[in-house]
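A.B. asks: The chain contents come next:
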Amino acid sequence: MTIAGVVLGVAIGVVLLLWVVHLIRGDRLYVGYGVIFVLGTLAAMTVLIVPPLLDAVTRTSVALLSVPALSIVPLVIFTFLMVYVFAQITILSNRVMRLTQELAMRSARRDGELESPAAEQP
Amino acid sequence: MVAIPAYNEAATIRAVVDRVRAELPDCDVLVINDGSDDDTAAVLAGSGAVVADHLCNLGYGRAIQTAVLYATRGGYDRLITLDADGQHDPAQVRPLLAEFDQGRWDILIGSRYVARQKYDDVPIGRRVGMQLFSTLVRLTAGRRIYDTTSGLKIMGRQTFAPLTNWQFIDFHAEALVYLMRLGFRIGEFPITVATRSHGQSMYSTLSHVKYPLKTMLMLVLGLVQANLTRKRTS
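Read top to bottom, the protein sequences are chains A and B. Residues are numbered in the numbering used here as their position in the first sequence, beginning at 1, plus a constant of 18. Residues are numbered in the numbering used here as their position in the second sequence, beginning at 1, plus a constant of 6.
Simulated from the structure, these hints should not be mistaken for lab results. A hint or two may mislead.
[As the list claims (entries may be wrong)] Quick list of the computed label-pair ranges, beta carbon to beta carbon:
1) B:47 / A:110: 20 to 30 Å
2) B:215 / A:80: 46 to 56 Å
3) A:33 / B:198: 45 to 55 Å
[Stated by the list, open to error] Negatives, chain B to chain A, calculated, CB over 10 Å:
4) 29
5) 101
6) 162
7) 166
8) 201
9) 224
Built from N, CA and C at the ideal position, the CB exists for glycine as well.
Chain B on its own, in the form it takes in the complex (with noise of 0.2 Å):
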C-alpha cells in the first residue's frame, strides 16, 4: 500500500495520486488528509484513492502513524510513504521496491544524499541539522543515516507493530534510532527529489528550533526504550 499524508495540498494532490496509481497499479494508495482547510479531500473524489479524514491537523508523525495502523488491520505486508507535494517521482518507487524485496532490508529509505554523501544544495540551517541529525543516528546507532527526513520509505510488515507501539515526533531520526536498536535492518536508496512547486513546507521558522531540541529529546529516550525492550524480551 501507498500512503500519502496530505495537509492542504490541493493543488498537488490529485496529480500525485494519479501518477502513483499509473506506476504502481497494483498497489492500493491510501491519502491520509490531516485536518486540511482547503479542497485537498473534495479534488480526490473519483481518483480511486482510499482517503482517510483526520477531523483536525494531527502532524505529520500522527498521520503516518494513522498510515501504519491502517496497514497493520488491513493486512498489507509493506507500507510505502511518499509526500503529497510532488517531490516524490513515483516512478522511483519501482527500484526502490525491487531493492527492498531482496530481502535486506525492513525499512528502505529513498535517500536524496547517500550518493553524494553530501548536503550541498540545501540552506546552511537544514544542512546543519542533517549532518547532525545523520552524525547522531550513526553514534546511537552504529549505522549512518545520510537521508534522516526523507518522507519516501518502504517499511516491512514487521515493523509496524513496533512504529505504533511507541510515539514518534515525525518518524525522522529519532524513530530511525529506535528501530535500528531494537534490531530492525535500515538501508538508504538514491533517489531524486524535485523542487517544491506549490504550497510550503511543514517546518516554520519556530519549528526550526523546536524540531531539533524536541527529536534530540525523543532520539534519547529512544535510545533508553529501545534497550528496555530488548532487556524485557530477551
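Isolated chain A, as found in the complex (with noise of 0.2 Å):
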C-alpha cells in the first residue's frame, strides 16, 4: 500500500473512532456495541500502520480471495453505516429502557397497593 492510502486509511480510522466515542458518550451507542467497533478500527489501524503486518494480512486476503483493492471501499462504507444502525437501535433500547423504568417507578407498590413517589412527580 502507498504511503497515501495508509495515511488516508488512519485517518479514516481516527474519524471513525471519534465518532464512535461521540456516540457512546452521548449515550447513543450502546458500550457494548462501542467496544468492537473501537477495538476493531484499532486492530484495522495497527495493521495499517506495520508494514509486516500488513504484508502478511495482504498475502494472506490475495490467497483466500482474489479482491481488487477497491473492495476496501464498500467495506468502510459499510463499517460506518453499521455504526449508524446500531446506534439508532441503542436510542430505541434507551427509549425501551427509559419507559420500563418509569412504568416500574409509578406502579412500585407495597402489599399491593399502589404507593409511588414517582406518580406525584409532574
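Hints given; two lone chains; assemble the complex.
C.D. replies: This is how it looks when you write it as C-alpha cells:
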C-alpha cells in the first residue's frame, strides 16, 4: 500500500473512532457495541501502520479471496453504516429502557397497594 | 431507603428483605425486580417492601439507576444498596451507616478487601480484574478503591443527580472514577460477605471478557466527561 493510502486509512480510522466515542458519550451507542468498533478500528489501524503486519494480511487475503483493492471502499462504507444502524438501535433501546423504568416506578407497590413517589411528580 | 436489585432471586429475596426490615426498621425497602422469570415478585407479597417491576431485564446498572431515580423523586437523603442473593448481612449496614453519618463521605462502599488489602479468596481471573480496576481507579482518580464491584453501598443525596445524568454499566469502577473526578468523596468500610448459596452470578463466562473491555472504555469516557462537566460548571 502507498504512503498516501496508509495515511488515508489511518485518517478514516481516526474519524470512525472519534464518531464512536462521541456516540457512546452521548448515550447514543451502547458501550458493548462501541467496544467492538473501537477494537476493530484500532486493529485495522495497527495493521496499516506496521508494514510486516500489512504484508502478512495482504498476502493472506489475496491467497484466500482474490478481491480488488477497491473492495476496501465498500467495506469502509459498510462499517460506517453499521455504526449508524447500531446507534439507532441503541436510541430505540434507551427509549424502551426509560419507559420500563418509568412504568416500574409508577407502579411500585407495597403489599399490593399503589405507593409511588414517582407518580406524584409532574 | 434500602434498594435491592433482584433478578431471579426467588430463593433468597424474601429472607433478605425480612432481615433488612428487622435490622433497619426505620428504612423503607425497595426491591427492583429486574424482569425475573421466576417467583421473585410473588414471594415478596406481604413483605412490606415496595416492589418496582421492570417489565424486561435491563441489567444491574439500570436497576440501580431505577433505585436512584426513585430515591430522588421520593426525597430520600440516603440510598443503601445491597445484593439480593443474601451475601450481605444487613446487620453490617448499621456500622456502615454510622460511619457515613459522620459526614466524611458522599458514597461509602462496604468493602470485602479494604481491611486485608489483597484478593486472596477469589478465582485468579477475577483477582486480576479486581486488581486491574482498583489500580486504574487509583491512577485516574488519585485514590485506591479496593472493592470496586461491591453491591453494598451508601450514597448521599448529592450523588443522585450525577448518577442519573450519565450512563454507567454496573455502577462499578467507571462510576467511581466519574464521581471522584467530579469531587465527590468515596470511601470504603470493611465488611464480610457470605458465600452465595443460591442462583448464579450475574457474570457469565463471556462477560468476563466483555465486562473489563466495556468498563475500561467507560472509565476513560467517564474521565473525559467528568473533566468536561467540571470545566462547564467552573
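A.B. asks: All the hints need checking, so say for each whether the structure fits it.
C.D. replies: Status of the hints after comparison with the structure:
1. B:47 / A:110: 20 to 30 Å: 27 Å, holds
2. B:215 / A:80: 46 to 56 Å: 31 Å, violated
3. A:33 / B:198: 45 to 55 Å: Check passed, 51 Å falls within 45 to 55 Å.
4. 29: 19 Å, holds
5. 101: 28 Å, holds
6. 162: 18 Å, holds
7. 166: 13 Å, holds
8. 201: 30 Å, holds
9. 224: Answer for residue 224 of chain B: violated, closest chain A Cβ roughly 6 Å.
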